[in-house]
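If you're matching them up, the sequences are chains A and B in order.
So the first sequence is numbered by the numbering used here: it starts at 3 and just counts up by one.
So the second sequence is numbered by the numbering used here: it starts at 3 and just counts up by one.
If you're looking for bench data, these hints aren't it; they were derived computationally from the structure.
Take these hints with a grain of salt, some might be off.
Stated by the list, open to error - Going by beta-carbon spacing under 7 Å, a handful of chain A positions derived as facing chain B:
id, residue
1, 126
2, 134
3, 185
4, 215
5, 224
6, 240
7, 245
8, 302
9, 318
Glycine included, every Cβ here is placed at the ideal spot set by N, Cα and C.
Protein chains: 2
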Amino acid sequence: MSRRIRRTPYTDRVEQAGVRGFSVVNHMLLPKAFQTTVEQDYWHLREHVQLWDVSCQRQVQITGPDASTLVQWMTPRNIARAKVGDCFYIPIIDAQGGLINDPVMLKLAEDCFWLSIADSDVLLYAMGLALGRGWDVEVSEPDVSPLAIQGPKAEDLLAGLFGAHIRDMGFFKYGWIDFQGTKQLIARSGYSRQGGFEIYLNGGHLGPALWDAIWDAGQAHRITPGCPNLIERIEGGLLSYGNEFTRENNPFEIGHGKFCVIDGSIDYVGRAALQNIAANGVAREIRGVKFDGGPCPTCSKPWPVMVGDTRVGQITSAIWSPRLKCNVGQSMIDRGFWDAGQSVTVHAQDGTVRSGHVSLLPFA
Amino acid sequence: MSRRIRRTPYTDRVEQAGVRGFSVVNHMLLPKAFQTTVEQDYWHLREHVQLWDVSCQRQVQITGPDASTLVQWMTPRNIARAKVGDCFYIPIIDAQGGLINDPVMLKLAEDCFWLSIADSDVLLYAMGLALGRGWDVEVSEPDVSPLAIQGPKAEDLLAGLFGAHIRDMGFFKYGWIDFQGTKQLIARSGYSRQGGFEIYLNGGHLGPALWDAIWDAGQAHRITPGCPNLIERIEGGLLSYGNEFTRENNPFEIGHGKFCVIDGSIDYVGRAALQNIAANGVAREIRGVKFDGGPCPTCSKPWPVMVGDTRVGQITSAIWSPRLKCNVGQSMIDRGFWDAGQSVTVHAQDGTVRSGHVSLLPFA
């Protein structure tokens, strides 16, 4: 622990709640585990509500006359279709089409955007592009620290606390709540498939008070502290930048071709590369793999996926699913082997070889 | 542990050597502790030799016809003075003069540079600048994983293993060694003041073999596994990006004005800002603080440094020095209070208030 790995406005509270470990995302602490097991947390998340410190989802704020030009140049998705109040999932790619990040873009005004980023310094990339082009923008990291409220009881909890108007908010839309005399952004979003919201707290000094307010109101809803749950994430087909995909992958490989405008109507870094990939088709795609052999170890390096003696892909995240009664993995699988039902063997890092088959994501 | 936080070519060996914890730098594991205490490691490092996995010092490789133009645009230091074979410490700054990183630049050829970076994605920044300007360069992260051999016996150990020619290498110069039929870069450098070398291993598959070769030869020199030592680093005045300085700081504040060309003879991002800062003087500077009260806690957030009721600075790294018999901290101290000998109080994060005084770095 050092200052370099930044604490969040909620870290004191997370420690009081009994956090047992952290990961690091965007040079900031992300809680990894509390007093309960991943499996206990999984069932709880599906039934109740959890409070997650996801401050590490830092905002890259881009403002100014050229803001929309810069954001558009960073992504193959047509951001002109976003309205104020929209959250847009936007792949960010390099000149070869390789993924640099996959943030959620919040359009705050015609000339103001937040990119809520995964684990890479998009701020430096955006700043470099802007300096290189000489565009009139300001690129900064505001004092904004997202707090996620996830699970089926999140809506009741927050409607009671902040007003029934949040019930009318659509998925991947944002609105506003009042908190202690401040106006705070709230989006219906989050890194789970169980429903919920993220409050983009503006003003870190309010962190403990916001945590406490939700914690106290959540007692009636059996709230617990939590964090992104690996079982739920893998089952739900939620990908993780740096795990399932890196700069070695393009958006088509991870099923995000639908976000890529390749008809030449918009200009962005990597357009020619994406057009070329689209014309030729991809060599591999993201898939699920179900495999047996009892609960698998932690996947901290890619596991070969084999068909006979041929390596046909790799698993990058895997865990035992107590609901599906098998191991589930997210993987990149080569063309010719990626059809659902394809038999494979999985070579886990504990030396075990397990039989399995390819499936679609999310897992049924 | 997940794939997102990358293992290194030496991680298997580090685990076999009994690593007790890791930090994360550049999305990669950095060992933090082994079986011995920080104090035991400190004395050992001053007397013998240690093997450190510093693969997290990733290389940003910049090649092509415009490579030197791009690198120069990123730093206020005049890189034209670097010859092939030189290591140059180069601050990288933004348009306001704020520090983005402080890598060591290795000039491999007139059109090929490695930037051996601290903890921020310089690759994305360089790529953004190059794309924005349309420069003809390739920016990449090669398969290069530095392994540090630090301590007074490093030279004898490596001369025995790789040849006496390494004895002739000057500080912050690099040369070449043969290893298993490959040519590998070796520099006289490292994140300690005890002397030593860093081998920039090109080809991760050779990692375990290189570790083993040095480990075996090192037995005669009492080699141990190690990592940057906090006591030695603080005493030695070695700063850490993200701890002692961030984008909130400029090179003058951390004593690196000597690397900044502000006479207008070279062009780089942030030049006007640095000229302005140089003309007006800085408001704060890096200093040491010695303080009492017995061994202090870990510094994971800035500690106020006070003179009476006035906050005059902050400590960002601190530890008990068994040699100096007091706590030593690295700090940023406001003008008017930064003279050596200034009496201060230190407000540590365990609630203790300790008396101390300002000193120069490195600590005597």
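Right, here's what the structure says about each hint:
Hint status for residue 126 of chain A: holds, given a least beta-carbon distance of 4 Å to chain B, under 7 Å. Among the interface hints, the one on residue 134 of chain A holds; its C-beta lies about 2 Å from the nearest C-beta in chain B, closer than the 7 Å criterion. For residue 185 of chain A, the shortest C-beta to C-beta distance to chain B is roughly 27 Å, which exceeds 7 Å, and the interface hint is violated. The beta carbon of residue 215 of chain A comes no nearer than 24 Å to any beta carbon in chain B, farther than 7 Å, and the hint placing it at the interface is violated.
Violation of the interface hint for residue 224 of chain A is found here, the shortest Cβ-Cβ separation to chain B being roughly 29 Å, above the 7 Å cut-off. About 14 Å separates the beta-carbon of residue 240 of chain A from the nearest beta-carbon of chain B, more than 7 Å, and the hint is not met. With a least beta-carbon distance of about 5 Å to chain B, the hint placing residue 245 of chain A at the interface is held under the 7 Å criterion. For residue 302 of chain A, the interface hint holds, the least distance from its beta-carbon to any beta-carbon of chain B being 4 Å, beneath 7 Å.
For the restraint placing residue 318 of chain A at the interface with chain B, the shortest Cβ-Cβ distance is roughly 5 Å, inside the 7 Å limit, so the hint holds.
Consistency with the previously given hints fails for numbers 3, 4, 5 and 6, ordered from lowest to highest.
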